[in-house]
Structure formats: structure tokens, C-alpha cells
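Engineer: Heads up: the sequence lines are chains X and L, in that order. So the first sequence is numbered by the working numbering: it starts at 1 and just counts up by one. So the second sequence is numbered by the working numbering: it starts at 1001 and just counts up by one.
Do not take every clue at face value.
[Claimed, not checked] One-sided excerpt, in silico: chain L residues whose CB lies under 7 Å from chain X: (1) N1185; (2) I1217; (3) N1258; (4) G1264; (5) F1285.
Because the hints were derived from the structure by calculation, they are not lab data. Just so it is clear, the structure is predicted and the values come from calculations on it, not from any experiment. All C-beta atoms, glycine included, are put in the ideal place defined by N, C-alpha and C.
Protein chains: 2
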Amino acid sequence: MDKIFLHEVGMRDGLQVEQQIVPTEKKIEWIKELMQTGVDIIQIGSFVHPVKVPTMADTDELFRYFSKPENKKSDTVLSGLVLNEKGLDRGMDAGVEMFCMGVSASETHSKKNTGMTTDEALDRIIPMAKNALSAGKQVQVSVQSAFGCGFEGAIAKERVIYIVEKYLQNGILNISLADTAGHANPIQVEDMITSIYSINPEAKLSCHFHDTYGMGIANCFMAYKHGVKYFESAFAGLGGCPFTAKASGNVCTEDLVNMFNKFGLRKDIDLKKILEIAKEAEEFFARELPSKVLKVGILEH
Amino acid sequence: MDKIFLHEVGMRDGLQVEQQIVPTEKKIEWIKELMQTGVDIIQIGSFVHPVKVPTMADTDELFRYFSKPENKKSDTVLSGLVLNEKGLDRGMDAGVEMFCMGVSASETHSKKNTGMTTDEALDRIIPMAKNALSAGKQVQVSVQSAFGCGFEGAIAKERVIYIVEKYLQNGILNISLADTAGHANPIQVEDMITSIYSINPEAKLSCHFHDTYGMGIANCFMAYKHGVKYFESAFAGLGGCPFTAKASGNVCTEDLVNMFNKFGLRKDIDLKKILEIAKEAEEFFARELPSKVLKVGILEH
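Pulled out of the complex, with its shape left as it was, chain X reads as follows:
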């Protein structure tokens, strides 16, 4: 069986939506612990406006800290999300190893989020991605709202494929399909992944699912079954907003690793260590988080 790769996004997609700001020292502690688990990539922040998103205000500082060799002993790749050229510049300065950036397949979502149409956003994101690649950085581009949109509802598969092809035509192979609204279902995932691979077998697809309707793990499984090798998930299942009705977070890293372990995959990852960090997150936020394996423990048989 082929190796799969884990991109831990809890520090960004998880902490970003929390009301309670995690102090920089605590973030550094969690990132160091996450690096010890053996996950492949850790997304540690987003280069957004610090006043608009105070939970991400220390992103530059975190990257600067981990740019010092004495602070980063592992070969884990540290990724950061950038939304525009200014964010890219900040990320370059701060020492980002992998840049993540994307456009939305939903025109409404794109316009509300960026003021641009999907095509206008592509015209800005693709040069940014190329610049980062030219600078020797790893780059992952994404298709947001790839499986549905909170504003528009269903999103045509062709729109997702259109964006994927634009990326590939520009030599950007690392492409993440993000289920931003959490609408994906496993038949849709199967259809999307097989369609993309039949058109473009060279894409290095990543999947980013939320467990909003309880199908997160099923969606990951179907993506895996059809050849996806990169998965984005959050320790403890962070990413749900405790103050809105939409309470479900990212697919939970430990539940995902536990499933892959059952398939004989990624047994090198320290699942116990991930559970310890998840437990710390529950204690920090003083509420139960959606992780299943955290509740019942690892099955040792």
C-alpha cells in the first residue's frame, strides 16, 4: 500500500475560529509536540490582518521562531496560509516552508471573501504560487467550497475541474480540495476524485474535510480509496465554532490516523502523543472536543 501524508491544520483552521486566544508560548509548545508525532506537515498560522483575526496575530512570530534551527529539530514541513501578495511577502520574510493559498469554486463565496470573481482570484493566486515556487518554497493551492457552498449550495464538479486544470497548466501540482462548508458526501467525493484523476493523473491531490454532518471520515476513506495521498485534519477535531450552531470541526487527526493504522498505514505516527495534545486542547478550551479516539482510547488488539 502506498504511503499517505498528513497535514495537521488544527493550529490554523482549528485555533482560528476559537474565541479564546492561545498564547504564543502555548502554541509553540503544541507545535513542538505535534512535530514529535511524525505528522508530515503542520499548518501553524495564517497571514491575515492581526486586528481582523486576533487568533492568528502571532503567525509571523511563530514562523520566525521555528526558522531558527535550534527551535526546530524535526523535518516536519511548516505551512502557512496566505490570502494575498502582502501575506506572501510576510510569509517569505518569516520563513514559511510551504505556502497554502486558494480560490473558491463558488462565485458568491469568492466575491464575499475576496471581492473578486473566481477568475480574478485565479489571476492573482497563480502568479503568487509561481513566485513562491520560484523562491524554492513548497506550494499547495486549493479549491475552496469544492463540494458545496454555504451561500450557493451545490457546486458543479466542472467548476472544480476548471480550477484544478488552471493550476496544473501553470505547473502547480499540489492541489487541495477543501470542503469549506462541510457539505461533501462519499459518493460525491468518489465522483470528484475519479473525474479529476481521469483527466489529470499528475495532480497531487489533498483533501480537506469537515465533519459537519458526520461524513468526514467516510469522505477521507473514499478519497484514499481513489488515490488521494494527502489529508488535512485537526488534532482533537478542532475547527468547530463553539458559539454558533455549526459546531463541527475538521476531520479529527487522531480518528483519521487510527483508521489508517487499521489499514497498516502510518504506524510510525505517535498516536498516543496526538491524544496527549488533544487532551491538552480539551483542558485549555475547557470543553469536550469531537475526537472519538480521545474518548475511548486506542484499541490495542
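With chain X fixed as given, assemble chain L onto it according to the hints.
Structural biologist: Here is chain L on its own, set in the frame of chain X:
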């Protein structure tokens, strides 16, 4: 697409493990509401010793109540679990429409639960099932611990197939594969279902999964994908024991129905009504239950 069928087991597998006994009047209310949702079969109790399992002590009374035509307006099938001949007799007297009974694929589980080996248990269960069939009753037989055992760990697929074949040889076609310990993973489910159907395409398989490790919906999906048409689930995701570490319950009915709805299946089922009952259960037990759709609501797009 073929129709799938839902067997709601929350009133039995869910309430059975709760410390707080649901009064008979409340059970009647919930069962009546569940009948209005359009689920196909409702398991309303277990014919166990009333002192040993006080939560199920009113099982005879419930069946007697619903045997009266004025109390049951729908054609929902009411099922009851029986463990032995005495339970079967009680169930016959009380008016059970579908008898559920089974043996464990794990010798250790079988001996601990019944004092019998799997073969000894089969020698008792098969005549019971035939008697119930002869009496014009619907019968569903099960293979417990079909995907793993809390005592033994892994269970060989051949043991499950051996029991399935015994049932089929005796003309009992309705067979439920029960993941009693919650160990199943979707690759294992795929392998089990395709193996059974390749040997015995005439089996009417049902799947009963718990969401212990977050793979419940993924397991249901793979079972569905390989031809399983009957699914057992519990409203609100009941079935987890709040007083032990093993907190996860049955696959949640509303999450399962919501997924099937996305495939265009069972849109006749009143999902809103199921959510109302799930909400009542949360209020009754005064704790958050694992249902996802209950948290975020139905996606109306």
C-alpha cells in the same frame, strides 16, 4: 438506486445501557413518534430478565400495548430481541412482529454471554428462529462480534461466514452483522460483505455498527456500496454508556438518513421528526448526544 431499509434500535440498544430508566409512558410516546418518521422497523425492547436489565423490564408491556390496533396506526414493523426460548415464548405472548436473535462469532464472547460455545448457541438459536418463522413471524438472526471482539480482538472472517452459512442452510435469510465492540473499519466491511455475497448472494444482510472510533458512517457507506440494504441505527446516536470510557453509541439514525438523503434515498423519511425525538432524548438524559445533524440542522440546499 435500490431502496434501503432502516431498523431503528435506539429504544433497545440505546436505552438498555442508560442508567436512567425511561418511563413506559415516555417510551410509548417516543415509539409513536418514531413510527411517524417512516423508519421501517423499530426495535422496542429485549426479553431479558427484568431484574438483570431494569431498563428493559417493560418490554412485554410495550409489545402488548402496540398489539392493540388502536395503538398502532402505521405499518412499521416492531422488533424485539430474544436471547433464549423463554424470551421467545414471552415475545410470542406479547405480540412481537419481528424476532431478533443471534450468536457471537467470538467463542470467548459467546461463553461469557451465554455459557455456550458458538456451535452450542447455534444449536439453540436456529430452532428458535425456525419456530418463530413457522409461527408466521419475521425473524432476523445476527452474528455478534462480527468485526472484532472486546475479549479476543480480531475475529476471522471465516467464522462469520461459517455462521452465515449455517443460517442460510436453515432457510433463515435475514442476517445482521453486528459490530458489537465497534471495531469495524471500512476496508474490513468491504471485504466481509463482498465475501459473503460472493458465496451466498441470497442473504438479506443487515449491518449494525457502533461509532466507537468514528468509522460508523464510513462502515455503513461501504456496506451500502456493496449491496447491503438494511441498516440498524439509533436516534440521537444513543447507545453509548455515559458512565464508562467507551462513550460512543450506535450509528446515529439522523446522520445516516441525512447521508442517504444526499444519495436521493429515503427522502420519504421525516428527518425533522427524527431530530425532534433526538432533541427530546437529549433533554430527557440532560446531556449532549453524539448526533451531528442535531447540532447543525438539516442542510436545506
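Engineer: Now tell me, hint by hint, if it's right for this structure.
Structural biologist: Right, here's what the structure says about each hint:
1. N1185: Because about 4 Å separates N1185/L from the closest Cβ in chain X, which is inside the 7 Å limit, the hint holds.
2. I1217: With a minimum Cβ separation of about 5 Å from chain X (threshold 7 Å), the hint on I1217/L holds.
3. N1258: holds (6 Å)
4. G1264: At 10 Å from the nearest chain X Cβ, G1264/L fails the 7 Å test, so the hint is violated.
5. F1285: Violated: closest Cβ of chain X sits about 15 Å from F1285/L, beyond 7 Å.
Taken one by one, the earlier hints fail for this structure at numbers 4 and 5, listed in ascending order.
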